[in-house]
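Student: Generate coordinates for the entire structure from the input sequences, incorporating the hints supplied.
Below are the chains, spelled out letter by letter.
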Amino acid sequence: GAGVSQSPSNKVTEKGKDVELRCDPISGHTALYWYRQSLGQGLEFLIYFQGNSAPDKSGLPSDRFSAERTGGSVSTLTIQRTQQEDSAVYLCASRLQGYTEAFFGQGTRLTVV
Amino acid sequence: EDKVVQSPLSLVVHEGDTVTLNCSYEVTNFRSLLWYKQEKKAPTFLFMLTSSGIEKKSGRLSSILDKKELFSILNITATQTGDSAVYLCAVGNTGKLIFGQGTTLQVKP
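Going down the list, the sequences are from chains A and D. Note that the numbering used here gives residue 18 to position 18 of the first sequence, counting from 1, and the numbers run on in steps of one. Note that the numbering used here gives residue 50 to position 50 of the second sequence, counting from 1, and the numbers run on in steps of one.
The hints are simulated quantities; they were obtained by calculation from the structure and are not laboratory data. Bear in mind the structure is a predicted one, so any value in this text is a computation, not a measurement. The beta-carbon is built from N, C-alpha and C at its ideal position, and this holds for glycine as well. Be careful, since some hints might not be right.
[What the hints assert, rightly or not] If you anchor each label on the Cβ, the simulated ranges turn out as follows:
no., chain 1, residue 1, chain 2, residue 2, range
1, D, 41, A, 15, 22 to 32 angstroms
2, A, 3, D, 20, 23 to 33 angstroms
3, D, 78, A, 72, 42 to 52 angstroms
4, A, 52, D, 77, 39 to 49 angstroms
5, A, 15, D, 82, 38 to 48 angstroms
6, D, 28, A, 51, 17 to 27 angstroms
7, D, 39, A, 111, 12 to 22 angstroms
8, D, 7, A, 57, 27 to 37 angstroms
9, A, 12, D, 20, 36 to 46 angstroms
Tutor: As C-alpha cells, this is what we get:
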C-alpha cells in the first residue's frame, strides 16, 4: 500500500475484554514496530519485528500483550483482559531493512471503559 | 540502558523567532538519528542523520549530528504558527528505534 495502515482508528472496549489491533505496513518493508503513546507522553516501545520474527519484545508491559506478524506483512497486536491503564494511542511503523526512515500509521486510539 | 533525552520539554515562542531543539543519547550500536514532527496522531518524518557534522536542511528546518558528543540539534528559523507541534527525536540501533520524550513547541502569532 501507499502508506502504513492501521485499523480500527478508534476502539472503545469494556474492561476485561480482549482487543486486536491491526497494522498493514508499507509493501516491502521488512521491519515493523509497535509503540504506545499515552496522553501527553512520548512513544513507548512495545515490540519490533524483522520479517516474521520478533528479535525484541522487551517493551511489552505484561503477558496480557502479544503480537504476531504473518507473511512478513500484516501484524496484529492483541491485548487480553484489557485494563483502564491500557487506554492509549497504539502506533505502528515500518521501515525497509537497513538504516532508513520509519513511517508511521495513523494509530489506533484505544479507550477502555 | 539505552536512552534518548530531549530538551527543553516545552517551548513557547512568537512567530519569526528561531528555535533550537536538543536531543542527546546513550544508545549501544548507534546507526542513525531521526527527527519527527507530531501534530495529531502519526509522527511525520523530517530528517535522518548518520554522519557527524553534515547538516541536513529542508526549508526553514535544519539538523546536525555530533557523534562524538552524542547529540543532535534541530533548528527552525522564522517560525510560523504551523510549526506548533511535538518534535520527536529517535535513535536507531541494530534493531529498534528508541524515542525521546519529545519537545512541545507552541508558536504564538
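Student: Please go over all the hints and tell whether each is borne out by the structure.
Tutor: Hint by hint, here is what the structure shows:
1. D/41 x A/15: 22 to 32 angstroms: holds (24 angstroms)
2. A/3 x D/20: 23 to 33 angstroms: Given a distance of about 31 angstroms, which is inside 23 to 33 angstroms, the answer is holds.
3. D/78 x A/72: 42 to 52 angstroms: At roughly 44 angstroms between Cβ atoms, residue 72 of chain A and residue 78 of chain D fall inside 42 to 52 angstroms, so the hint holds.
4. A/52 x D/77: 39 to 49 angstroms: holds (45 angstroms)
5. A/15 x D/82: 38 to 48 angstroms: holds (39 angstroms)
6. D/28 x A/51: 17 to 27 angstroms: Given about 22 angstroms between the Cβ atoms, the range holds.
7. D/39 x A/111: 12 to 22 angstroms: holds (21 angstroms)
8. D/7 x A/57: 27 to 37 angstroms: Roughly 30 angstroms apart at Cβ, these two residues keep to the hinted range, so it holds.
9. A/12 x D/20: 36 to 46 angstroms: holds (41 angstroms)
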